[in-house]
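*Asks:* Kindly produce the complete structure, drawing on both the sequences and the hints.
Quick note, the sequences are listed as chains C and V, same order.
Numbering of the first sequence is given in our numbering, commencing with residue 9 and proceeding in unit increments.
Numbering of the second sequence is given in our numbering, commencing with residue 1397 and proceeding in unit increments.
Hints are computed from structural coordinates only; laboratory data are not their basis.
The model shown is predicted, which means the values in this text are computed figures rather than measured ones.
Fair warning: there could be bad hints in the mix.
To be verified - Under the rule of at most 27 angstroms between Cα atoms (straight-line distance), these lysine-lysine pairs were calculated in the DSS-like manner:
id : chain 1 : residue 1 : chain 2 : residue 2
1  : C       : 85        : C       : 13
2  : C       : 85        : C       : 121
3  : V       : 1476      : C       : 121
4  : V       : 1476      : C       : 124
5  : V       : 1505      : V       : 1654
6  : V       : 1621      : C       : 26
7  : V       : 1621      : V       : 1426
8  : C       : 142       : C       : 124
9  : V       : 1813      : V       : 1700
10 : C       : 85        : V       : 1621
11 : V       : 1505      : V       : 1426
12 : C       : 13        : C       : 26
13 : C       : 121       : C       : 142
14 : C       : 124       : C       : 143
15 : C       : 26        : C       : 124
16 : V       : 1817      : V       : 1700
17 : C       : 143       : V       : 1476
18 : V       : 1703      : V       : 1654
19 : V       : 1476      : C       : 85
20 : C       : 124       : C       : 85
21 : V       : 1621      : C       : 13
Below are the chains, spelled out letter by letter.
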Amino acid sequence: MKSIKICVTSYAYSSKAKIFQDLNLEFHSGKTALLGPNGAGKSTLMSLMASVVTPSAGTIEIIEAGGERIGTRHLGKFRRLVAWLPQDFSPVAGLTVLEHVRYSGWLKGMSRKAVKEAAPQALLAVGLETLSEKKVTELSGGQQRRLGLAGALVHQAGVVLLDEPTAGLDPSQRDRFRQILASLNDENITVVSTHQTEDIDGSFDHVVVLVGGRVRFNGSVSEFMAVAPASVTDPRDRVRLAYAALVEGEI
Amino acid sequence: MLPISRRPAWWLLAPGMILAALYVQQYVSKERVLADAQAAVAASGLLLIFAASLVSVSAAVEVGRDRSSRGVAEVAVRGKIIVAFARLWPSLVAGALIQLVGILLLLGKAGSSPNRFPVLIAVGLFSALFFHAGIGMFLGTWLRARFAVPLALVVSYIWLGFAWSFDFVPVRYLAGLALEGCCSPVETLDVAAVYSLMVFSVLGFFGFVLLAMGVSGRKILPRGKAAWLRVTAGLLVLVLAASLGLFIARQVAATPVKARPLSEAECSATVPEVCLFPTQLARGDTRPVYADTFEALEHHGMRKITKVYSTSTAQVPVLSDEGVANVMAAPGQSRTRAVESAASTYADALTYIECPQETSADVYGWAEVLKAWSVQTAAQEVLAPDERAGLPDTSMLESVSIPDETDFFGQWSKLRKLDEKSQTQWVTVAYDRLSTCRLPDAVSAGVR
Chain C
9 MKSIKICVTS YAYSSKAKIF QDLNLEFHSG KTALLGPNGA GKSTLMSLMA SVVTPSAGTI
69 EIIEAGGERI GTRHLGKFRR LVAWLPQDFS PVAGLTVLEH VRYSGWLKGM SRKAVKEAAP
129 QALLAVGLET LSEKKVTELS GGQQRRLGLA GALVHQAGVV LLDEPTAGLD PSQRDRFRQI
189 LASLNDENIT VVSTHQTEDI DGSFDHVVVL VGGRVRFNGS VSEFMAVAPA SVTDPRDRVR
249 LAYAALVEGE I
Chain V
1397 MLPISRRPAW WLLAPGMILA ALYVQQYVSK ERVLADAQAA VAASGLLLIF AASLVSVSAA
1457 VEVGRDRSSR GVAEVAVRGK IIVAFARLWP SLVAGALIQL VGILLLLGKA GSSPNRFPVL
1517 IAVGLFSALF FHAGIGMFLG TWLRARFAVP LALVVSYIWL GFAWSFDFVP VRYLAGLALE
1577 GCCSPVETLD VAAVYSLMVF SVLGFFGFVL LAMGVSGRKI LPRGKAAWLR VTAGLLVLVL
1637 AASLGLFIAR QVAATPVKAR PLSEAECSAT VPEVCLFPTQ LARGDTRPVY ADTFEALEHH
1697 GMRKITKVYS TSTAQVPVLS DEGVANVMAA PGQSRTRAVE SAASTYADAL TYIECPQETS
1757 ADVYGWAEVL KAWSVQTAAQ EVLAPDERAG LPDTSMLESV SIPDETDFFG QWSKLRKLDE
1817 KSQTQWVTVA YDRLSTCRLP DAVSAGVR
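*Replies:* Below, the structure is given as structure tokens:
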């Protein structure tokens, strides 16, 4: 069992726009849905965990199963353990699908040999193996998102951060993503920020609800669903109502 | 890891090479670089116009690709310098190849040369490419590709053009194009010009790298102090690069050359002794022709020449009181041109005398008459009839005549009609008078 621990004393865009204050949160192995309305700070939290941005004050560290702690101070080591797919993923122009995944792996510190072996596997995992010679700019939005996921996963990270991976995708592409998500190793820490509450039951182990930069809920899926009135029996309705209850006034 | 076939530098390489080759073939004369490897490599400085623009443009495209992406380069484990190098090396290699092709073509024009391949000039020119890679990298990081790419081209060109034409001479050497002014058989490189270029280019590159690192987190808020520190450091390094470059080049002349030391000259066993540099001798030894010419003119009453140099050293005037002559000797010079060069020495020396303005036009005209006489007289003595065909046409004296005053071509015609002794007498007297800014009597008036 490993975890990523976030202790952000402060993070702000400017002195007037504080996003987080005294945020303490820990994600464990398994799949966690990070829910919250727009502006709740989900993407910023993902960026913090991906080490794309650093908190004004505080720490973010990965605690390995053996107890070893790797903080963002050791950026290279930390980033080797993290895979990040931002909501607005955009591929590097001028490359084919396979070349892009190889480049992503190389950026993550993989050797040329290792990345040559791993790239086809990563494409296979996201179902893009037949498009490996296609230019990345010729891919559809959903295919590009999967390409981003392949690039994020190619170095076999232990922490997978997917920011709104299905936003704007058509139903078939969403299904595809659900399948990919289901195939991810449960020993990894997988955090998926999403608006799609209908997927919570069955796809995730944990739920975190973020509202206004504060954690409104952090627990298992069954605990989350217990927030909904007991009279509601349909799981999808229970998730929807639980979410509405937790962010009441926020959506 | 990025395939070479996807790199913009690769696509731009062929047109860049073609342009460079065409430029060399069309605009660099063979005489300019003949038998002189140093001049040939230096002449390739002009090719920075193509090489540097390729480097800056392809660097802007390369870096712009990472800039426009999201979720790929931001979380790189590899250092920014390594990623930047992976992006920039094809641009640098392509630019260097263009430069190299130009150098090879120019060396081909130069042919075999007694001087060694000037590694320093080549390294200096290659280092200039780093500066332009820095320009492309910074602009590609800072701006969208649609602005960065054309701007990189414009900035590269403006920098090359601006620096080259700047009146404050040391600025010229920061860009590298001015190295084109080096060298000649009598002049060698002033190494300070190359050191200035190298220091400025390499430091400037790091300045741009720091600037690029400062602006690379533009999408990320808050920007953080580190970004501003990098921008400030980048600007400071650029200022430092310019200051150091200017300091190093502070004593370089308008062209990056110094007179070749006379100790390098190889002297003949002739009378007078003629000393030429190895480059001047590389396509044939004209020293006997120079010696014969001066000897022949001495027999016709001209001053005795004791030693002959061909040098740009200020200490050796065209003709000294001690009888040391300074001639223009080029590699591959024909016997005809050598006679002309030697025989012109006396008249050329007169043009360096500062005479009152009211007589200067006349002094010049009479000096041209003397020159025509010296050249024709020496040619009669030294050259075979067929070699004399290449001598300059004396009708050009009509162009220096002063209307309603002196018809120098007419005077020359009259001089040629005099007997040999009278010619010698008139020329000797005329030369002495002109040496002190006094005008000679007209030929028709006879000899005093």
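*Asks:* Look at each hint and say if it fits the structure.
*Replies:* How the hints compare with the structure:
1. Taking the CA atoms of residue 85 (chain C) and residue 13 (chain C), the gap is about 16 angstroms. The hint holds against a cut of 27 angstroms.
2. Proximity of residue 85 (chain C) to residue 121 (chain C) is assessed by CA-CA distance (about 20 angstroms); at most 27 angstroms being required, the pair is judged to hold.
3. Taking the CA atoms of residue 1476 (chain V) and residue 121 (chain C), the gap is about 22 angstroms. The hint holds against a cut of 27 angstroms.
4. Between residue 1476 (chain V) and residue 124 (chain C), the direct Cα distance comes to roughly 22 angstroms. Compliance with the 27 angstroms bound is thereby established for this hinted pair.
5. About 23 angstroms separates the Cα atoms of residue 1505 (chain V) and residue 1654 (chain V), which keeps this hinted pair within 27 angstroms; it holds.
6. Between the alpha carbons of residue 1621 (chain V) and residue 26 (chain C) the distance comes to roughly 18 angstroms, so the proposed pair stays at or under 27 angstroms and holds.
7. With a C-alpha separation of about 56 angstroms, the suggested pairing of residue 1621 (chain V) with residue 1426 (chain V) is violated against the 27 angstroms cut-off.
8. Proposed proximity of residue 142 (chain C) and residue 124 (chain C) is supported: the alpha carbons are some 17 angstroms apart, at most 27 angstroms.
9. Among the hinted pairs, residue 1813 (chain V) with residue 1700 (chain V) is consistent with the structure: their alpha-carbon atoms are about 25 angstroms apart, no more than 27 angstroms.
10. A C-alpha spacing of about 24 angstroms is found between residue 85 (chain C) and residue 1621 (chain V), which places the hinted pair at or below 27 angstroms, so the restraint holds.
11. Note on residue 1505 (chain V) and residue 1426 (chain V): the hinted pairing holds, with a Cα-Cα distance of about 6 angstroms set against a maximum of 27 angstroms.
12. Among the hinted pairs, residue 13 (chain C) with residue 26 (chain C) is consistent with the structure: their alpha-carbon atoms are about 20 angstroms apart, no more than 27 angstroms.
13. Straight-line distance between C-alpha atoms of residue 121 (chain C) and residue 142 (chain C) comes to about 22 angstroms, which keeps the hinted pair within the 27 angstroms bound.
14. Only pairs whose Cα atoms come within 27 angstroms are accepted, and residue 124 (chain C) paired with residue 143 (chain C) is accepted, the gap being roughly 18 angstroms.
15. Straight-line distance between C-alpha atoms of residue 26 (chain C) and residue 124 (chain C) comes to about 43 angstroms, which puts the hinted pair past the 27 angstroms bound.
16. This hinted pair checks out: residue 1817 (chain V) and residue 1700 (chain V) have alpha carbons roughly 18 angstroms apart, not beyond 27 angstroms.
17. Between residue 143 (chain C) and residue 1476 (chain V), the direct Cα distance comes to roughly 25 angstroms. Compliance with the 27 angstroms bound is thereby established for this hinted pair.
18. Between residue 1703 (chain V) and residue 1654 (chain V), the direct Cα distance comes to roughly 22 angstroms. Compliance with the 27 angstroms bound is thereby established for this hinted pair.
19. Distance check on the hinted pair: residue 1476 (chain V) and residue 85 (chain C) sit about 15 angstroms apart at the alpha-carbon level, within 27 angstroms; holds.
20. Distance restraint check for residue 124 (chain C) and residue 85 (chain C): the Cα-Cα separation of roughly 21 angstroms lies within the 27 angstroms cut-off, and the hinted pair is therefore satisfied.
21. A threshold of 27 angstroms between alpha carbons decides the hint, and for residue 1621 (chain V) with residue 13 (chain C) the separation of about 25 angstroms falls inside it, so the pair holds.
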